[in-house]
Structures are given as structure tokens and as C-alpha cells.
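Visitor: For chain F, the structure is supplied; the task is to place chains A and Z on it using the hints.
If you read the protein sequences in the order shown, they are chains F, A and Z. So the first sequence is residues 1 to 473, counted in the working numbering. So the second sequence is residues 1 to 348, counted in the working numbering. So the third sequence is residues 1 to 291, counted in the working numbering.
Since the hints were made in silico from the structure, they are not lab data. All residues carry an ideal CB built from backbone N, CA and C; glycine is no exception. Heads up, some of the hints might be wrong.
In silico lysine to any residue, SDA-like type, Cα no more than 25 Å apart, as pairs [to be verified]:
(1) F:261 with A:302
(2) Z:271 with F:136
(3) F:59 with Z:271
(4) Z:241 with F:262
(5) A:232 with A:145
(6) F:178 with Z:235
(7) A:96 with Z:272
(8) Z:281 with A:91
(9) A:145 with A:91
(10) F:117 with A:271
(11) Z:66 with Z:14
(12) A:98 with Z:255
(13) F:261 with Z:255
(14) F:292 with A:270
(15) F:296 with A:177
(16) Z:283 with A:54
(17) F:59 with A:270
(18) A:96 with Z:174
(19) A:247 with F:191
(20) F:262 with A:302
Now the stretches of chain Z that chain F is said to cover, found in silico as 3 or more residues with beta-carbon under 8 Å [said to hold, decoys possible]:
(21) 75 to 86
(22) 220 to 227
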Amino acid sequence: MKIIDYCMMFFGGIILFYMLFVIVSYCTMFIIAMLDLRKRYRLDPSEYDDAHIDAFYSKPVSLLVPAYNEEVGVVDTVYSLLNLRYPQTEIIIINDGSTDQTLQTVIKHFRMKPINKIVQTNIPTKQIKQIYESEIYKNCILVDKENGGKADALNVGINVSQYPYFCSIDGDSILDEKSLLRVMKPIILSDGEVIAAGGNIRIANGAKMQFGSIYETQLPSNYLVIMQVIEYLRAFLMGRIALSKFNLVLIISGAFSVFSKKWAVEAGGYSTNIIGEDMELVVNIHRLIKEKKENKRIEFVPDPVCWTEAPQTLGVLRNQRRRWHQGLFESLWKHKKMTLNPRFGLIGFISFPYFWLVECLGPVVELGGYIYIVVAFFLGKIYYEVALILLLLFVIYGVIFSIAAILFESWSMNTYPKKREILRMILLAFTEIFWYRPLTLFWRCEGLVRFLRRKSDWGNMKRVGIAEKEKNI
Amino acid sequence: MIKLSITFLFTVIALLLVVLFTFLIYLFVQRQRESRFEQVRDRYLLNYSQLWYDYLFNNALFSMVLVPRGAAQVEAIERIFSSYLKNIISENVEQKIKQFANQYLKKFYEKDLSSRRWSIRMNALYRIADLQIEELLLSCQEFEKNKISDEEHFQLLKIYSLFQPDLFMEKIKNPNINYSESEYRRLFVLLEEDVFIRFFDDFNCWPTNIQFAVIDTAAVKRNMQYLDELKKLLSHDVMEINIRALKGLYEIGIIDEIDPFIPFVTSDMWEARLMVAKIFKHVPLAYTYSYLEQLLQDENWWVRSQAAKTIVEDRHGIAKLQQFIESSNDPYAIEMAQEIAARKEGSK
Amino acid sequence: MSDLIIEQDVMQEHEVRRYFEIWRESVIRSRHTITAVFLKEADSTQSKPNENNHQITAFLQSKIRKTDLLFQLSDGNHWGIFFLQSSDVEARAFLKRIFAILKAERKFQQIALKASITEIRNNTVTFEDLLEKNKQVLTENGQISWSVVEVHDYGVQPIELVKVSIIEQNAIFRQVLESTLNQIVIPHFTLEVKVYEDGYSFLQSDGYKTGHMHLIVMNDILPRKNGLEILHILRHMPNEKKFIIYMMSERNSEGAALNAYEGGVDEYIVKPFNLRLLEAKIKRTFARFWL
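Just chain F, same shape as in the assembly (with noise of 0.2 Å):
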């Protein structure tokens, strides 16, 4: 029995710690950000936007959009694209050796024709099949490929691709009108002195969309969706915000993110050997920025909006998570040198352990955590009051952060203007700490696990197509 209890003391001692030690650092980050979009509470944003429109003042883009079996949402995709606010752009759809319709249906939607187009090869990349060309927009190409990875598809994107930044989009995610221009504010705001800005990703399962164009938003019916809607909310608020501020961002989406092609080909481009690509670069041109020695910025903008579909089943969800987390473990890993690493600065010092602990081994503990409280229930009342605390921590931890900000994104964004919704993301957010953490936090355990065994595995999403089945006109 006294190994028992030694046990229960020493784990119960460092959960208790960890979870204090989350709980600050969020509130510390939450009260950065709070701060920050204070200040621009209600100020007009069109002003800049149409200062911007012109195409003297802004920098042409890039659009890579790699697609590997997208046929559902890829034409949703170029709509948004095409409707974008921005003077120049070109967009590169990406087929990577799709086995379903991809190609066909972008070829007849958009009316490619086969070109002939100089590649400079910047990065090496698997074989290009063809290249072809809108009749209907001549800024419009696809690129078809030999299947080789989202990875591989976006180098090859960033060899065609004309133009000195470049903007990755997944094939099934909507851009907001505004939002290249805004993600790109920084940038060109900077002289290039920023050089990677990210945009903030929202789940637009739920939101009523036709050709590329969102017209009403709405909170999902599905319980799993909403409840993921909560979490992208607490992430944008208690992470993304704060770390941009210092420079700090170790991950910006891949879902919708602008890079200059200088700086990521000078990196090695998207690594095609690992899971997380998106932070992979990032990290890299981190590293690269600090061997540099040069004083250059990423960022992360927290209004324009790229919207996602979610997944809607726990089967989904669960291979996206332990497929998320497996890739995190792997950059951290790959790059450990780096934490600690006064070479490294603020990135060494606190963006690396942040994610080390909060991010990475968290998950561990927190589950540690669970279990520690039903251990505590079998083996009787001297455990009690140490679970209780436990609890009431998950409850600050997760119920109360999770209200908090919703209220406030209610307050700055406004994106779910009925009250009824909001009320209703505050009563699920109650129920959270009693489902949804348990298993997405096993989940992540469980990428853990593969991490350390070495799989590798490339969950596939099971997409229905966020747009509403439309009749072709």
C-alpha cells in the first residue's frame, strides 16, 4: 500500500503543478490577446482594404491549391479564390495523381486546356505530367502531377508558381473575399519584413455556401462539430495571438498560409518525409532567419477567415488528431536541438518548451490526470479532496476558459450573431471536460504512440462537400 500511496502522491503532486502551470500560461496568453483586439475593436477595416486594391501597393500572389482526391470541394475552392479582393493573383490547382474525378472536374469547370509552360526547378519535385491553362481565366492553371504527397504538391506549385509570395490552400477550404488582402497586410505594411503570415482558420460546416461564396453563417447542428468550433476559438485566443506578438509562431495552418517564395525555397521548400509539413517550413525558415542573422517576422492575422470543413465523426476526427499530433512530435523531435538553444532566442527559450509541454506532453498528463481522478474513486477518501482539486482545475481549465472565449470572440467577431447559439456553445462548452477532452486527448496520446513506434499514416478525411449540392447551370 505505501507504493500506492507514494505513487498517488508524486503523480497527483506533478499533475497538480502541470495544470496550474497551463492554467497561467493560457491566462497569460489570453489576456495578450484580449488586450490586442481591444484596441482594434470597431475600427473600419474596409478603409484599408480599398486603399489596397490597387495594384500598386500590393505584392502579386501565388495561389497553390494541392488537391489529392478533392473532386467534392475543389471548384468551391477556385470560386473563392477567383472572388477574392486582391489586384493580382494567379491560382495554382496542384492534382497530385488524384484516383477519383479531380482532374476531369477541374479541366471541364474551368475549361483547361493542355500548355506548354517553362518550369524553373527550384526544388526537386516529382514528374509534372501536363499543364494546363483556363480559357475562362487566364490566371487559372492546373498542374497534373504524379502522385507524390500534399508536400510534394505544393514544391511543385512553388515551381510554377511566377510570383514572389505564395499562399497555400487546402482543396477543400473557402477564402473570405477580404482575406488574402488582410493576411497580406502585414507584409507588404513591413517591406518584407515579415515574411510568413497565417490567417485564421474557421469550420464552415453549418454555413450556408454556394460557388465558392459564404452567404450565411450558422452554428452546426452536429454536437462533435460545435464542440471543435470551441476548440479553434480557444486556440486562435490562447496561443496564436500572444505568440505572434513575439515572433514566436511555430505553426501557422497549412490550411491558409502566405509565404515569400525566397525565404521558403531558400529553406528546402515543404519537406515531403513528415506528417506536419506546414510546421516543418516554419521551423525551418525559423532556423533559417536566426542563422541569417536577419531581422524578419511571422505572423499570424487573426481576422481573415478561411473556412474548413470539420470533420463530422468521431472516426475522422480521430485519425485528423492522432495524424495532427504524430506530426508535431515528429517537427519537435527533428528539431530538438533547437529547444533551449540560445542561438535560437525566445524560439529556443520559450516557443519550443511551450510546445514541448504544453502542446506535446500535455495530453499525457492531462489523461494522466483523468485517470489519476477515477484511480483516486476506487481507492478511497484519503484521494478524495486531491481529485476534487484535480477537477475543479479541468473545470477552470477547460469550461471556463472555453466561455471565456466564446464570450469574447462573440464580443470582438461577432462570426455566430444569434443568441440562442451563443448559448448554446456556452451550455456544450459545460459538458466538454466530461467527453470531448477524454478522447481527443486520447486520441492525441495515441499519436504519441505512433510517433514512438514509427507509423506512419495518412489519415483520409471522408469529406462530403461543404457546399450545398447545387444544380449545374
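Guide: Frame of chain F; chains A and Z shown alone:
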């Protein structure tokens, strides 16, 4: 270890919940207020858009019902004005908008300028510039004496550049505040020609950001006066300035002599060589072919590619390229020439 | 006697009638004004009609353009000329020219003509009416040589319905465009203005499928099917010529304008633009349709 008691945690949670609940109530009240605001605004838009059209375009008489009462109606008017200004050019309309804004909207923005909120002050500054509320110039100068952010200062510069160019030239010399090139361009592009040309007078005194912005702005303004100024900059000591000037001259697209460009064919910077290859697009091939042939064999991919593209743009370009392919022994240059020639033939 | 008058190398009244009926319909369909000129000898009591007739026919034949058609009426002493795709201005100029020659040259001194001009801008007139009317006019006109009378009975142009679709996202500006286009007065056309806020609702409306002439004023960027795609769809319809497409854009770049023109827009207008100029452009576009 920190002593955590259950009651303490309960209190904390309860307290936080109460705070959040209060915030929720506040949020809902706020929402209510916003929706009332929107109602008023939309009603104004619905009722008076046509009247505004008649007043601004058809010279109908001004009606006092158009004068805004309250912030919601001001916002409605801002929307109407911005729709007009963004889509339509008409001196008459601009004049009427300016007059109205100076008379009836002035007091709203004056109040906003003294707001504690940064965003509200910024919005006011935006409007003062957009709607040309000249009567607030003094208030703006007064406002500048406060401790203001760089963004606000930028907006003030814009306002000065519109209403009082001399004051603007004086303020922009202030070395403490440095903006990015693109921000300077936003300012310069609005300047009158006679003000803008002053930047060339003592070009070397300006910080690099301003120098670059001046060159780029001159290029879009496409004025013959600036052409000479840009040509002068080709002999500037700083290479970056040479390249920018080349780029500007290329964009203006009027090349009356090629002599100033020839030294750049052998420049150390590939960007300069690339720009020369581009500039030669605007000159008949007969004068430039020998240089382009040299550039076609350049070590840099972009330069080779541009040289080939420039050659094929000429009517006799393809023939020249073919000739080159047969006679040359530079494999990279031949490959580029072949590709560009093939593409040109293909697109016919 | 009458047999002698009939010429072998000039078309006869009964042959021309069928052609006329086709041309008359194309007056409406293709907006091709035709003008008919009828000539008669001023002094028909002259002694040698036969000889003169030969000379006149040969002379007229040598002066008309390849797109004009000369024919002789069955009564033998009238000539008709149809000027295709021409207005009375050209017919007047023609008559002035040939009269001057006839008067000046010695070999024509025994010839004196008079003429009538009928401009045809609608399809209500029959061949018989046209001939009857002109014969009557030429008879009533008495014996004055070198006189030219004009018949205005068939010159009234029908009023054509033109559909106008405005596709613009900004509600206030949409209303401005609507009011402006509703105020435009274009002779011989009536405009029926409809507004749409996005591409999809325009395509759903089916209004563009009718045969009417259709003026489209739209933005290049629109939610749900943007302007370029609408352009592509319209320009690939079988009767795409009926569309007059004006594209408005915020994008002030040469590339964008070039793409739009290559895609088939008739005008590319960069915002902000002058509304009066837009009006003028539209008026000019329609003025070109009729001579």
C-alpha cells in the same frame, strides 16, 4: 507546494462564472443596442438613398431631412458617400459631399477625435481624409500634440498632404518617425505633381524608404518630367536605386535612347541585367539585338529567359532566335531560346 | 410597243419583289436600313422613249455600287434602285451626283429625270404599296426636271425593347446605376432595367435567354459566379451577338483589362468612373445600330 483548498477553488470558479455571466449579459445588451443601431441605419438608407441620388446627381434641392441625427445615421451617410466615392468620379458630387461633410458631419468627427478609444480616433481620421473635412485641419494639428500612435500620425500626414502640402513636406522631414515604403507610396501617390517633384530636388537627403517610394511612385505617375529624373538616378552610387530606377523606366515604357542602359548589360547584379532585358522590349530589336544576345547567354536563368522573351516579341525575333540556335555553342542559352521559340510558335 | 421597252440586262419588277421581302425583314432583324430611289423621265411625252430608256438604264447600271440593285418597273417608264444598308443621306448624294453628270454631259442632253427617295426602317410596307406610292408621288410632282421628292411614310423606326441587367454587389451603387440607366433616353429603344446582386441570381433569372438585345453592366468580381464566368457563358451562347457587355472593375491593371477584352467584353471600365461617360458610351453603342 502551493496550498490549494477546495473551497478556494470553488470560490474562484464561482467568481469567474459570475464574471463571465455578467459579461454575457453585457454582451446581450450590447447586441440589442447594436441591432437598434442597425435598424436606424438601415431605415435611413432605405428612406433617403434615392433622395441622396437626386441631390448629388440630378441637382435636386437639398432637403434638411438628410441631415443626420445620431451616430447611426452618420454611419448610413458614410456608407452612401463611400459607395459614391469608390465607384464614381464626378467633381460635382465630390464637391457636394465635401460641403455637406464640412457642414454637418464635422462635429461628429471632432468629438470622435477626442475619444479614448484608439479605433474610434482612427476611424475619424480616415473620414476626415476621405470626405475632405478641411475645417478640421486645425483640430488635427491640435490633436497631433497629444501622444499619438504611429498609425494616427500616418493618417495625419495624409490629411496634411491633402489640405496643406507645405505643412506635409515639413512634417515628413521629421526623422523620428519612419514608415515603410508601401506606406510612403500611399502618401505620395495622392500628391499634386508640383509637390511631388520637390522630392527629387534633394533626393540624397531622404531616408532610403522614401527614396524607393519616390521612384516607384514616379513610375506609376507616368509623367515626362519624372522620366528625366529617373534617368539621372541611373548614375546614382547605390545599386538598389539604379535597379529601382530601371524598373520605373521600364514601367513608364518610354525609352528614347539606349545609351544610358548599356552599362547595365554587364552589371554585377543580375536584377539590373534582368531589368535591362525587360527595358529593351520597348526598343526596336535592331538596336538591341547584340546586347540581348549577350544577355541570352547570361549565367542567370531569369535573365536568359527574359532576354529570349524580349527577342521573340519582335516581329523578326523568332528568326533571330533560330539563327542564334544554329550558330551558338552555349547549351543553356540554346535550350532557353528553343523553349521560348517553341512557346511562341505554339501560342500562334 | 411595250415589248420594246423591256430591257434584257436589267432586273424586272416581278423578279425583285422576292428579294425585297427578305431585305425588308432584315431591316428589323439586323437593323439594316434600306433606301429605295425611283426615277422617271421628267418629260414623258418625249418622242423617243425607247432610245432614252436604253441610255438611262445603261447609265444607271454603270453608276450604282455592287450592293445596290437597279430594276425596271413593269410600266416601262420607271426605274427603281434599292440601296442596301444605306440611309436617305446616301441616296441623296447619289442622285446629286448622277444628276450633275447628266446635266453636264452633252450626250445626255435630251434626258431629264425626276426622282423620289423612300427610306425604309420598318417591315410594314409591301412591295406594291411602295411602288404605288412612289409612282403617285412622281406623277403628282408635275413636269419639273431634276426634282427630288422624299417619301417619309416608311421611315419610322420601330421601338425596340432592350433588356438591361445590372449585376453589382454594393446595394447603394446598384441603385445609382439603376436610376441612371432608367433615365437614359435612347431614340428608338426602350430599356427594361433589372438588377441583380450576384452572378448566380442573374443566371437563374433566365432573362438573358430571350432573343432581345441585352445590355449587361456588371462587376468583374461578384459573389457566386463572377463576372468573367458570366462573360464566358454568354459569349458561348449561339446568339451571343445580342449581348452588349460592359464590365466594371476595381482592378486597375493592364492584365485584367486585356483578359476581359479577350474574353469578349465591349467595354472595360475601371472604378471609380464617370457616370456621364458611361451614359454617353451606352448611347453611342446604340446609335451605331441604325444608320
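Visitor: Now tell me if each hint is right for this structure.
Guide: We went through each hint and held it up to the structure:
Pair hint residue 261 of chain F plus residue 302 of chain A holds up; C-alpha atoms about 15 Å apart against a cutoff of 25 Å. The straight-line distance between the Cα atoms of residue 271 of chain Z and residue 136 of chain F is roughly 22 Å, inside the 25 Å bound, and the hint therefore holds. Only pairs whose Cα atoms come within 25 Å are accepted, and residue 59 of chain F paired with residue 271 of chain Z is accepted, the gap being roughly 20 Å. For the proposed pair residue 241 of chain Z and residue 262 of chain F, the alpha carbon gap of about 47 Å is over 25 Å, so the pair is violated.
Between residue 232 of chain A and residue 145 of chain A the CA atoms are separated by roughly 39 Å; this puts the pair beyond 25 Å, and the hint is violated. Taking the CA atoms of residue 178 of chain F and residue 235 of chain Z, the gap is about 29 Å. The hint is violated against a cut of 25 Å. Restraint check for residue 96 of chain A and residue 272 of chain Z: the C-alpha separation of about 17 Å stays at or below 25 Å, so the hint holds. Between residue 281 of chain Z and residue 91 of chain A the CA atoms are separated by roughly 19 Å; this keeps the pair inside 25 Å, and the hint holds.
Simply put, residue 145 of chain A and residue 91 of chain A have alpha-carbon atoms about 34 Å apart, too far for the 25 Å limit, and the pair is violated. A C-alpha spacing of about 22 Å is found between residue 117 of chain F and residue 271 of chain A, which places the hinted pair at or below 25 Å, so the restraint holds. Distance restraint check for residue 66 of chain Z and residue 14 of chain Z: the Cα-Cα separation of roughly 21 Å lies within the 25 Å cut-off, and the hinted pair is therefore satisfied. The straight-line distance between the Cα atoms of residue 98 of chain A and residue 255 of chain Z is roughly 34 Å, outside the 25 Å bound, and the hint therefore fails.
With a CA separation close to 22 Å, the supplied pair residue 261 of chain F and residue 255 of chain Z stays within the 25 Å bound. Using a Cα cut-off of 25 Å, the hinted pair residue 292 of chain F and residue 270 of chain A holds, with the two alpha carbons roughly 22 Å apart. Of the supplied pair hints, the one linking residue 296 of chain F and residue 177 of chain A holds, its CA atoms being roughly 20 Å apart against a limit of 25 Å. Taking the CA atoms of residue 283 of chain Z and residue 54 of chain A, the gap is near 21 Å; set against the 25 Å cutoff, the hint holds.
Only pairs whose Cα atoms come within 25 Å are accepted, and residue 59 of chain F paired with residue 270 of chain A is accepted, the gap being roughly 21 Å. The hinted pair formed by residue 96 of chain A and residue 174 of chain Z meets the criterion: a straight-line CA distance of about 20 Å does not exceed 25 Å. With a C-alpha separation of about 17 Å, the suggested pair residue 247 of chain A and residue 191 of chain F falls inside the 25 Å cut-off, and the hint holds. A hinted pair counts as satisfied when its Cα atoms are at most 25 Å apart, and residue 262 of chain F with residue 302 of chain A qualifies at roughly 14 Å.
Evaluation of the coverage hint for the region 75 to 86 of chain Z: breached, as 0 residues show C-beta separations to chain F shorter than 8 Å, against a requirement of three. Here the region 220 to 227 of chain Z counts 6 residues with a CB under 8 Å from a CB of chain F, which clears the bar of 3, and the coverage holds.
This entry does not satisfy hints 4, 5, 6, 9, 12, 21, going by the numbered hints stated previously.
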